[in-house]
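Engineer: This is what each chain is made of:
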Amino acid sequence: MSAVMREANAPGRLGRWSLTVAGWLVYAFLYVPLIIVILYSFNADSINAWPIHHWSFGAYNTLANDADLTQSIKNSLYVSVIAVSIAVILGTAAALGFNRLRIPGKELFSFAVILPIVLPGIVTGIAMLTLFTDLNYNLSLTTIIAGHVTFCIVLVFNSVRARLARVPAQMAEAARDLGAGPFRTFWHVTLPSIRTAVISGTLLAFTLSFDEVVVSFFLAGRENTLPLEIWSRLRRSTITPEINAAATLLIAVSVVLVGAARFLVREEE
Amino acid sequence: MSVSTYMNAEAPSVELRGVSKRFGSVSAVDDVSLTVRKGEFLTLLGPSGCGKTTSLRIVAGFERPSGGTIHIDGQAVTALPPNKRNVNTVFQNYALFPHMNLAENVGFGLRMKRLGRADIERRVDEAMALVRLEGLGKRKPTQLSGGQQQRVALARALVNRPAVLLLDEPLGALDLKLRRAMQFELRHLNQSVGITFIYVTHDQEEALTMSDRIAVMSGGRILQIGTAQEIYEAPATRFVADFIGESNFLEGTISDWENGVATVDVAGAGAIRARCVDRIATGIPVSVALRPERIIIEPSEQPAAGVGAGENVVRGRLLEAVYAGSTLQYAVSLGDAAQLIVRSPNLGQAAGVGNDVSLRWSIADCSVLVA
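Residue numbers (our numbering), protein chains in the order written: chain A, 10 to 278; chain B, 22 to 392.
None of these hints come from the bench; they were simulated from the model.
These figures come from a predicted structure and were not determined experimentally.
Taking beta-carbon pairs under 10 Å as the criterion, some of the chain B residues facing chain A (in silico):
1. 78
2. 105
3. 110
4. 115
5. 117
6. 119
7. 120
8. 121
9. 131
10. 133
Cβ atoms here follow ideal geometry from the backbone N, Cα and C, with glycine treated the same way.
Just chain A, with the same shape it has in the complex (with noise of 0.2 Å):
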């Protein structure tokens, strides 16, 4: 009977190849722009062309060299350390709250932590300048760092809530029953139990701030972030190999950092 159903519903040879091409083509939308960013990193000559005449890291070399461009990534490194270290706090505890409540309309409350990722960047950007011009606080990193925060915190919260909803209430339990007292049940067990979560949200967190653009324009004074400073190049001139070589760079940590919160949350399953 299964035979006869898997039969039935199994594509035939032109159906599965089609399907395989289909495939491709959707990975290949994704990642296309991807590839060419990265292959122009590597172009030696200053415009973009296909095909690539002469290889090089020129382009990188160019980066390192370029004073506004290494200050940018500076910016966006402090900002996004700063910011990501309040949010770890703040959702840590945040979650670790949740976890303990026992209220009715709790789950709204949870949402209106989870709310700022859902709403638009420009929402939050215009908000947040309206706060500070109305605080006559002026712009600068540290206000984007406070944009930042805001979506920070729902990445680490989400990540930490999900792992506490699986432990078992009685693990703190059984410290406290072992002669812990609330703070030595916290580090002792609480702490570990979430560990892998908390550094997987800082991760994520980590990645979603270094390349954030439209909370930080908003919030932006005279300091540039390197997502800022690539973007206003662009409306000067056209990419250059040196925005390609930034670009790739961002790819790169974007990777390593998704990737290896990736792993973290899987090691823990």
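Following the hints, position chain B against chain A.
Structural biologist: Same frame as chain A, but now just chain B:
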């Protein structure tokens, strides 16, 4: 020895006085008072939702009672958090710490007490030996079978030498054979280490075979507390009679009472005499509880020879005979109104369905329960 220890030497191990616990409008534990003796194996038995686990969690300190007090070894602990109570718990799902190996799991309590490394190592080894898991200290909990995890949980609790060990359906996840073996081991442990055990289960057989005393709970209250024999032989309420083992109930009204024996008029069965400690007025509706294995079934054409003054005899028709291996189970109708289940040892001869049979049982084997 401190003065307080000396003074408390005769205090009960655990004492609950008027303990209640409400969750919102639901009363999970309702005015429970209970005294557990030192070294006793006491079982809280009841169906799910009867308040047995909540009672245990109140003793452990995981739940703060809405009312009442708890004393452990004479010391009031009602307001103390779990880590300040000299009790340890074996959880239903074991709750072993997955990121620690077995030695670290078992040694956790001692580490929290800040004992020296050498002391911890020695006592962990002892505890692991006690549950026959010596040499497995480096394993992770996930590498163990359910039975082994159960024993680690036991070692992790016992290593702290608590005054009271609380066990929350610890054998529920094990298969029948393993459960039997662990029942025996737990009983043995209780007797050898001299620690008071409070054991929660819904499994009446487990309760009967392991406990010094059983407290039967329902609806947040303790209905009856006593030894296995007391509970089984003289159930105080219909619920207890029904929950512990199987019981027949014959409905009738009191027609006489004399010297702890009541006569009950039962439709279809006539006058049945049953144990009844307190006098009950004539005309009051009652049930007579009767265990199926206490009834002797015989073909009715046999003369009722040997029927003593201390026996009830009724006649009925055999409706059904079920072959259950070591026993035979019969359903016998007593007229239209009543039916009795009879369980007899399988002696190789089954009574024929549809035949008239004669049933008899001792007055001492049936008791009157007020509805």
